[in-house]
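Participant: Sequence:
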Amino acid sequence: MVRAIRGAIQVEANDRDAIISGTTELVSAVMERNQLTTDEVISVLFTATPDLTAEFPALAARKLGFHDVPLICCTEIDVPNALPRVVRLMAHVETDRPRAEIQHVYLRGATVLRQDIAQ
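Take -9 as the starting number for the sequence shown in this note's numbering and just add one per residue.
Be a bit skeptical, because a hint or two may be false.
What the hints assert, rightly or not - In silico lysine to aspartate or glutamate, DMTMM-like type, Cα no more than 25 angstroms apart, as pairs: (1) K53 - D29; (2) K53 - D5; (3) K53 - E66; (4) K53 - E22; (5) K53 - D41; (6) K53 - E84; (7) K53 - D7; (8) K53 - E30; (9) K53 - E2; (10) K53 - E15.
These are calculated hints, taken from the structure and not from any lab test.
Let's have the full structure, built from the sequences with the hints guiding it.
Facilitator: See below:
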């Protein structure tokens, strides 16, 4: 089965290291909580709010070993009063887990985006 996993993290600043560090934390948490390996990941779509321009979030995934996984980065819609400095992801994975067992991950300030499922 193919499942989609969502996640988001608010990073500290529009700084290369902050974006890579935050994205690394997010991707690592998604992989650990869902007991996944990179072989099970089909693709990952990253978005960043328009105020994050210092680095591509996908670079963090590459550094974690996502060498042959298709990755893409996009800019999130610039909605007035939206939470700033947020990296989001949607990962498509192959898993036998039912939808109810998928762990979506919202970290740091991004927990306000999905308080119903944030850890």
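Participant: Against each hint, give a clear statement of whether it holds in the structure.
Facilitator: Now the hints, each set against the structure:
For the proposed pair K53 and D29, the alpha carbon gap of about 15 angstroms is at most 25 angstroms, so the pair holds. Between K53 and D5 the CA atoms are separated by roughly 17 angstroms; this keeps the pair inside 25 angstroms, and the hint holds. Annotation: proposed proximity of K53 to E66 holds, straight-line Cα distance about 23 angstroms (limit 25 angstroms). The suggested pairing of K53 with E22 holds, with an alpha-carbon distance near 16 angstroms, which does not exceed 25 angstroms.
Among the hinted pairs, K53 with D41 is consistent with the structure: their alpha-carbon atoms are about 23 angstroms apart, no more than 25 angstroms. Of the pairs offered as hints, the one joining K53 and E84 holds, with about 21 angstroms between alpha carbons and a cut-off of 25 angstroms not exceeded. The straight-line distance between the Cα atoms of K53 and D7 is roughly 13 angstroms, inside the 25 angstroms bound, and the hint therefore holds. Taking the CA atoms of K53 and E30, the gap is near 17 angstroms; set against the 25 angstroms cutoff, the hint holds.
For the hint linking K53 to E2, the alpha-carbon distance of about 20 angstroms falls within 25 angstroms, and the restraint holds. Our distance criterion of 25 angstroms between C-alpha atoms is met by K53 and E15, whose separation comes to about 12 angstroms.
In terms of the numbered hints stated before, the structure departs from none.
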